[in-house]
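Line by line, the protein sequences give chains A and B. Reminder that position 105 of the first sequence reads as 105 in the numbering used here, one-by-one numbering, no gaps. Reminder that position 61 of the second sequence reads as 61 in the numbering used here, one-by-one numbering, no gaps.
To be clear, the hints were calculated from the coordinates, so they are not data collected in a lab. Errors might be hidden in some of the hints.
[Said to hold, decoys possible] What follows is a list of derived Cβ distance ranges for each label pair:
#1 B:D26 <-> A:D195: 32 to 38 Å
#2 A:Q37 <-> B:S28: 50 to 56 Å
#3 A:G165 <-> B:E49: 33 to 39 Å
[Said to hold, decoys possible] When the alpha-carbon atoms are kept at most 20 Å apart in a straight line, the in silico DMTMM-like pairs for lysine to aspartate or glutamate are as follows:
#4 A:K139 <-> B:E19
#5 A:K299 <-> B:E57
#6 A:K81 <-> B:E57
#7 A:K139 <-> B:E57
#8 A:K78 <-> B:E57
#9 B:K10 <-> A:E292
#10 A:K139 <-> B:E48
#11 A:K81 <-> B:E49
#12 A:K232 <-> A:E383
#13 B:K22 <-> A:D79
#14 A:K78 <-> B:E42
#15 A:K78 <-> B:E54
#16 A:K139 <-> B:E49
#17 A:K78 <-> B:D36
#18 A:K78 <-> B:E14
#19 A:K78 <-> B:D32
#20 A:K78 <-> B:E19
#21 A:K81 <-> B:E48
#22 A:K81 <-> B:D58
Glycine included, every Cβ here is placed at the ideal spot set by N, Cα and C.
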Amino acid sequence: MSGNANNGRRVVVTGIGVVSPLAVGAELTWKRLIEGQSGIGRITHFDPSELPAQVAGQVPEGPTEEGGLTLSDWVPVKDQKKMDRFIHLGLAAAIQAVEDSGWKPETEDDRCATGVMIGSGIGGLQTIYEGSLTVSSGKARRLSPFFIPSALINLISGHLSIRYGFKGPNHAVVTACATGVHAIGDASRLIQHGDADVMIAGGAEAAICALGIAGFCSARALSTGSNDDPSKASRPWDKDRDGFIMGEGAGVVVLEEYEHAKARGAKIYGEIGGYGLSGDAHHITAPAEGHEGAFRAMKAALKNSGLQVSDIDYVNAHGTSTMADDLELDAVERFFGDHAKNIAMSSTKSAIGHLLGAAGAVEAIFCLQAIRDGIVPPTLNLENPARESVIDRVALKAQKRKVDVALSNSFGFGGTNASIILKRCEG
Amino acid sequence: MSDIADKVKKIVVEHLGVEESKVTPDASFIDDLGADSLDTVELVMAFEEAFSVEIPEDAAEKIATVKDAIDYIEKQKAA
Numbered sequence: 001m002s003g004n005a006n007n008g009r010r011v012v013v014t015g016i017g018v019v020s021p022l023a024v025g026a027e028l029t030w031k032r033l034i035e036g037q038s039g040i041g042r043i044t045h046f047d048p049s050e051l052p053a054q055v056a057g058q059v060p061e062g063p064t065e066e067g068g069l070t071l072s073d074w075v076p077v078k079d080q081k082k083m084d085r086f087i088h089l090g091l092a093a094a095i096q097a098v099e100d101s102g103w104k105p106e107t108e109d110d111r112c113a114t115g116v117m118i119g120s121g122i123g124g125l126q127t128i129y130e131g132s133l134t135v136s137s138g139k140a141r142r143l144s145p146f147f148i149p150s151a152l153i154n155l156i157s158g159h160l161s162i163r164y165g166f167k168g169p170n171h172a173v174v175t176a177c178a179t180g181v182h183a184i185g186d187a188s189r190l191i192q193h194g195d196a197d198v199m200i201a202g203g204a205e206a207a208i209c210a211l212g213i214a215g216f217c218s219a220r221a222l223s224t225g226s227n228d229d230p231s232k233a234s235r236p237w238d239k240d241r242d243g244f245i246m247g248e249g250a251g252v253v254v255l256e257e258y259e260h261a262k263a264r265g266a267k268i269y270g271e272i273g274g275y276g277l278s279g280d281a282h283h284i285t286a287p288a289e290g291h292e293g294a295f296r297a298m299k300a301a302l303k304n305s306g307l308q309v310s311d312i313d314y315v316n317a318h319g320t321s322t323m324a325d326d327l328e329l330d331a332v333e334r335f336f337g338d339h340a341k342n343i344a345m346s347s348t349k350s351a352i353g354h355l356l357g358a359a360g361a362v363e364a365i366f367c368l369q370a371i372r373d374g375i376v377p378p379t380l381n382l383e384n385p386a387r388e389s390v391i392d393r394v395a396l397k398a399q400k401r402k403v404d405v406a407l408s409n410s411f412g413f414g415g416t417n418a419s420i421i422l423k424r425c426e427g
Numbered sequence: 001m002s003d004i005a006d007k008v009k010k011i012v013v014e015h016l017g018v019e020e021s022k023v024t025p026d027a028s029f030i031d032d033l034g035a036d037s038l039d040t041v042e043l044v045m046a047f048e049e050a051f052s053v054e055i056p057e058d059a060a061e062k063i064a065t066v067k068d069a070i071d072y073i074e075k076q077k078a079a
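Use the sequences and the hints to build the structure in full.
Next comes the structure, spelled out in structure tokens:
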């Protein structure tokens with residue numbers, strides 16, 4: 001394997017879209033994030049009182065101009081019931097990203113060179129739940145004809161391509177909580193390999209339903225100790241952390257071949273510097289000792305980037321507020337070696353919870369915004385670190401910091417790891 | 001207009017998200033009201049539910065317009 005094998009085709013980001021527990025909108029989410037706001041609250045999508053975990057990061061309802069979700073602004077009313085909520089949220093983020101990029105393919109060649117790769121960790125869980133109730137009540141023949149296309153994970157990619165006429169590669173990633181990074185990384189490679197010039201890539205998730213929360217509760221993965229104080233529940237690296245907080249939402253970027261973007265005068269947020277993947281081959285939910293799979297993913301991304309460890313300024317950690325936080329910290333310290341003391345690393349899951357299949361995409365967008373604005377977002381609730389580190393974990397408050405290169409980690413059940421490096425685009 | 005016709009119209013408006021004025025007796029679900037093949041399957045299910053009738057597949061395939069639906073349901077109800 002040779003490093004930086006990108007066939008001379010550079011990939012840049014020319015559009016961003018976010019739907020998060022802080023806001024619908026990439027810039028309003030970012031503004032509230034660096035102000036230190038929390039998007040975590042008591043679950044209202046269903047009555048959680050039977051379950052040990054009762055808080056989550058839900059997308060706020062409300063007028064679009066105030067950062068709330070008004071679904072009819074994104075999906076026509078008659079189509080809404082044909083799609084699960086994860087598709088609604090994915091489309092809302094994807095439409096933002098496409099509009100932000102200004103890319104409107106006018107010719108058949110341009111349409112065929114524009115693809116979509118938006119995934120999800122779980123897909124239409126609530127739809128599957130409701131469908132199974134219909135069947136179990138003896139009404140199998142009444143199951144909606146839209147049941148299957150509402151639940152299928154690749155249907156965000158499908159709907160988006162139909163809406164805009166994007167006829168290039170149409171794909172979807174499903175790698176649990178690593179989905180978002182894998183989607184952006186794999187879509188970048190499709191551009192590098194010449195399968196497309198533009199790819200709309202990211203992830204979406206809407207698993208805050210009884211089945212989703214109950215399932216993660218049974219796996220002993222969720223925080224249960226802060227039901228009365230939701231904004232304190234997600235506390236990566238803190239000694240009082242007791243599990244992750246589920247969030248919902250979506251993150252989508254428009255990836256574009258550099259010369260293509262330059263030729264049309266597109267605004268460029270940053271460049272995909274490198275991408276690395278690994279598997280743990282260890283356990284279905286627990287990382288291996290020292291998170292060596294994470295270490296290898298970061299190493300692979302660095303090799304792919306052609307950069308040095310010392311070039312990296314900021315890490316957006318996977319940092320889910322579970323016991324695994326310290327294992328990731330071990331791997332990051334080992335990866336950076338002497339440079340560890342110079343970097344900042346934060347977990348934005350402290351503010352928005354864990355968006356599962358959307359997490360990696362939303363966090364990659366935060367990295368681009370950090371590079372653009374020279375601000376790194378905080379790790380909320382990191383009051384008493386469970387273990388000390390030379391790495392500045394940006395406790396409680398955002399910091400002004402020059403960031404030219406950022407690295408984002410995502411790890412998923414099944415032992416799947418992905419790291420992506422985003423950098424300032426130099427002409 | 002009969003109660004059945006009124007109710008059919010209401011279901012069509014609700015499921016296809018079209019204006020009531022467009023739901024004329026001769027309006028075709030697919031050609032005039034923007035339905036696709038899955039929409040028509042769902043529409044027939046909604047009729048079955050609302051009127052407590054069974055519409056077998058071969059009969060459902062022949063229901064192309066608003067009037068087709070009203071006629072079929074009225075015949076079933078009269079039987």
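Worksheet item: Can you name, in rising order, the numbers of the hints this structure does not satisfy?
Response: 1, 4, 5, 6, 8, 9, 15, 22
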